[in-house]
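Those sequence lines, one after another, are chains A and C. Position 230, counted from 1, in the first sequence is what our numbering calls 230; the numbers after and before it change by one each time, with no gaps. Position 16, counted from 1, in the second sequence is what our numbering calls 16; the numbers after and before it change by one each time, with no gaps.
Worth flagging that the hints you see were computed from the coordinates, not collected in a lab. Just so you know, not all the hints are guaranteed correct.
Claimed, not checked - Covered stretches of chain A, going by a simulated chain C footprint (3 or more residues, C-beta under 8 Å):
| hint | stretch |
| --- | --- |
| 1 | 12-26 |
| 2 | 53-63 |
| 3 | 138-151 |
| 4 | 193-206 |
| 5 | 255-266 |
Said to hold, decoys possible - Straight-line Cα separation of at most 25 Å, BS3-like style, residue types lysine-lysine; simulated pairs:
| hint | chain 1 | residue 1 | chain 2 | residue 2 |
| --- | --- | --- | --- | --- |
| 6 | A | 123 | C | 113 |
| 7 | C | 113 | A | 265 |
| 8 | A | 125 | C | 125 |
| 9 | C | 123 | A | 125 |
To be verified - Computed far set for chain C versus chain A, every beta-carbon distance over 10 Å:
| hint | residue |
| --- | --- |
| 10 | 16 |
| 11 | 96 |
| 12 | 126 |
| 13 | 162 |
| 14 | 222 |
Note that the structure is predicted; figures quoted are calculated from it, not measured. Cβ coordinates follow ideal geometry from the N, Cα and C atoms, glycine included.
2 protein chains.
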Amino acid sequence: MRKVGYLGPQGTYCEEIVLYLYKNNEAALIPYNGIDAAIRAVALGETDECIVPVENSLEGSVNITLDTIAHDVALYITKEIVLPVRHNLLGKQGCQEVTTIVSHPQALAQCRKTLAILYPQAKLKPVESTAEAARIVAGSDGLYAAIGSLKAAEIYGLAVLAPDIHDHQANSTRFIGLEPQAAACVQGKSKTTFVCQINGERPGSLYNILAEFASREVNLTRIESRPARTGLGMYIFFFDLEGSLAAPNIAEAVSAVKAKCLWYKNFGSYPIVYVI
Amino acid sequence: MRKVGYLGPQGTYCEEIVLYLYKNNEAALIPYNGIDAAIRAVALGETDECIVPVENSLEGSVNITLDTIAHDVALYITKEIVLPVRHNLLGKQGCQEVTTIVSHPQALAQCRKTLAILYPQAKLKPVESTAEAARIVAGSDGLYAAIGSLKAAEIYGLAVLAPDIHDHQANSTRFIGLEPQAAACVQGKSKTTFVCQINGERPGSLYNILAEFASREVNLTRIESRPARTGLGMYIFFFDLEGSLAAPNIAEAVSAVKAKCLWYKNFGSYPIVYVI
Numbered sequence: 001m002r003k004v005g006y007l008g009p010q011g012t013y014c015e016e017i018v019l020y021l022y023k024n025n026e027a028a029l030i031p032y033n034g035i036d037a038a039i040r041a042v043a044l045g046e047t048d049e050c051i052v053p054v055e056n057s058l059e060g061s062v063n064i065t066l067d068t069i070a071h072d073v074a075l076y077i078t079k080e081i082v083l084p085v086r087h088n089l090l091g092k093q094g095c096q097e098v099t100t101i102v103s104h105p106q107a108l109a110q111c112r113k114t115l116a117i118l119y120p121q122a123k124l125k126p127v128e129s130t131a132e133a134a135r136i137v138a139g140s141d142g143l144y145a146a147i148g149s150l151k152a153a154e155i156y157g158l159a160v161l162a163p164d165i166h167d168h169q170a171n172s173t174r175f176i177g178l179e180p181q182a183a184a185c186v187q188g189k190s191k192t193t194f195v196c197q198i199n200g201e202r203p204g205s206l207y208n209i210l211a212e213f214a215s216r217e218v219n220l221t222r223i224e225s226r227p228a229r230t231g232l233g234m235y236i237f238f239f240d241l242e243g244s245l246a247a248p249n250i251a252e253a254v255s256a257v258k259a260k261c262l263w264y265k266n267f268g269s270y271p272i273v274y275v276i
Numbered sequence: 001m002r003k004v005g006y007l008g009p010q011g012t013y014c015e016e017i018v019l020y021l022y023k024n025n026e027a028a029l030i031p032y033n034g035i036d037a038a039i040r041a042v043a044l045g046e047t048d049e050c051i052v053p054v055e056n057s058l059e060g061s062v063n064i065t066l067d068t069i070a071h072d073v074a075l076y077i078t079k080e081i082v083l084p085v086r087h088n089l090l091g092k093q094g095c096q097e098v099t100t101i102v103s104h105p106q107a108l109a110q111c112r113k114t115l116a117i118l119y120p121q122a123k124l125k126p127v128e129s130t131a132e133a134a135r136i137v138a139g140s141d142g143l144y145a146a147i148g149s150l151k152a153a154e155i156y157g158l159a160v161l162a163p164d165i166h167d168h169q170a171n172s173t174r175f176i177g178l179e180p181q182a183a184a185c186v187q188g189k190s191k192t193t194f195v196c197q198i199n200g201e202r203p204g205s206l207y208n209i210l211a212e213f214a215s216r217e218v219n220l221t222r223i224e225s226r227p228a229r230t231g232l233g234m235y236i237f238f239f240d241l242e243g244s245l246a247a248p249n250i251a252e253a254v255s256a257v258k259a260k261c262l263w264y265k266n267f268g269s270y271p272i273v274y275v276i
């Protein structure tokens, strides 16, 4: 049976995705307690695939995901899944007072302004995941609350103290599936991703890279810089392109860029799945 | 007397910077328990300036700093300070076993691989700051250790269990000073920073922005995208340019870019200070 790893424990948004993708017990779903552990398990052959978050529309990139796929493993992106995020404040039944709110750092950041109005005195405390936060609250003295999904409330027997507490309504998270082989045949709406290091000491080097896309009318949907880890001011760039490498203009643009880079790694082309 | 806010409590790397900048009691130094609180205090007139971290050479941008200066306040960057970072594992005198390592999430991330070798069984736990971590360890049962500076070890009476535990030696952090007015006269090595939103629906729009710099031989030292917070796939871009707005080619390029953007905010020009 296919083994699929994800960022656990039970009740995370990531679990919602794997349950959506593998509805009818088509796969053994294995929770990992860290994003890098879930990714490394695929590289080690312990699992066939993993599903991890890569970007949120409010908080931006999930750095550990980008850094691990760039530096530590050789895997391909085989799908992208977009999930609308709805955060809720969860607490014990009959909870009257909240002194401390626990959750994953990104969830805390996504609700910061709403919580400052609703619970101005409460301390915000970061923990490993939204599900871990719910587990802590279930075992607490009742003065703790967690930010999490309705699924987490159900699993850990918590009440919803306040629904929809995210600061902005346009809140979605992108997840990616990672596998040892590239997706075989990509149809429908798709993307292509690669990462490269440009010689930043030459002025205009990023401009020269973008010229290869512009001249071939390739649409760049995202550019994200991360430290190259060789010193301050040295970066690697992740590029997301609209379409797949099966399109000649994309294949040509990517080859041209590769020839201009100090270092380059391709994550392949993959379809986009929208969760409604 | 001049009031300078910084990310506290006592013993943070940020405190090291303000002590370096204001050696002889030239300013009242006020610790804040969050980066956004330190920044907002300047906007509210409670302090004249604040010093906050903006980027680390391994972990990348400090998102809360970028998001707060882009969206929530109207301040200028008046200086940049570059500090080489040296992390140490701190614990109680005579500590034999470490079950949990606490620190700021960026410090934990910067030492992840070294700690996985030295203390494979230890749990990593994120807290507000490196100094807060040292405070927790000082009050713990001896099974906790913290990642922090030698200054933090001194303040909280801790022993150095392992020195220099950062994964990469090229580890520096950039801090910025923020004030209500732009720096008056910028001499020596300097930078100019602005943030803007580009119409991402038009292919090649980022390319057209970079063309304004390339054609005037303006060197872009950094480009960083952050979510525009209006939906997935919408970004704002921070640009760092080498030199000041007093240079005609930089002033012209910035004006040309401003005319092409949906939204634009200038943080001014400022000198660079290197801490040795």
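Do the hints match the structure? See the list:
Counting residues of the stretch 12-26 of chain A whose beta-carbon sits less than 8 Å from any beta-carbon of chain C gives 0, not enough to reach three: the coverage restraint is violated. Residue count for the stretch 53-63 of chain A with a Cβ under 8 Å from a Cβ of chain C: 7. That meets the three needed, and the coverage hint holds. Counting residues of the stretch 138-151 of chain A whose CB lies closer than 8 Å to any CB of chain C gives 0, so the stated coverage by that chain is violated, three being the minimum. Under the rule that three or more residues need a Cβ within less than 8 Å of chain C, the assignment of the stretch 193-206 of chain A holds, with 4 such residues.
Proximity of the stretch 255-266 of chain A to chain C, defined as three or more residues with a beta carbon under 8 Å from a beta carbon of that chain, is not established by the 0 residues found. Of the supplied pair hints, the one linking residue 123 of chain A and residue 113 of chain C is violated, its CA atoms being roughly 30 Å apart against a limit of 25 Å. The straight-line distance between the Cα atoms of residue 113 of chain C and residue 265 of chain A is roughly 22 Å, inside the 25 Å bound, and the hint therefore holds. Between the alpha carbons of residue 125 of chain A and residue 125 of chain C the distance comes to roughly 11 Å, so the proposed pair stays at or under 25 Å and holds.
Distance check on the hinted pair: residue 123 of chain C and residue 125 of chain A sit about 16 Å apart at the alpha-carbon level, within 25 Å; holds. With a closest Cβ-Cβ approach of about 17 Å to chain A, residue 16 of chain C is found to remain outside the 10 Å limit, as its non-interface label requires. The beta carbon of residue 96 of chain C is kept farther than 10 Å from every beta carbon of chain A, the shortest such distance being approximately 26 Å. Non-interface call for residue 126 of chain C relative to chain A: violated, since the shortest CB-CB distance, roughly 5 Å, does not exceed 10 Å.
Chain A leaves residue 162 of chain C outside its interface by the beta-carbon criterion, the shortest separation being 21 Å against a cut-off of 10 Å. Look at residue 222 of chain C: its CB is around 7 Å from the nearest CB on chain A, not clear of 10 Å, so calling it non-interface is violated.
Taken one by one, the earlier hints fail for this structure at numbers 1, 3, 5, 6, 12, 14, listed in ascending order.
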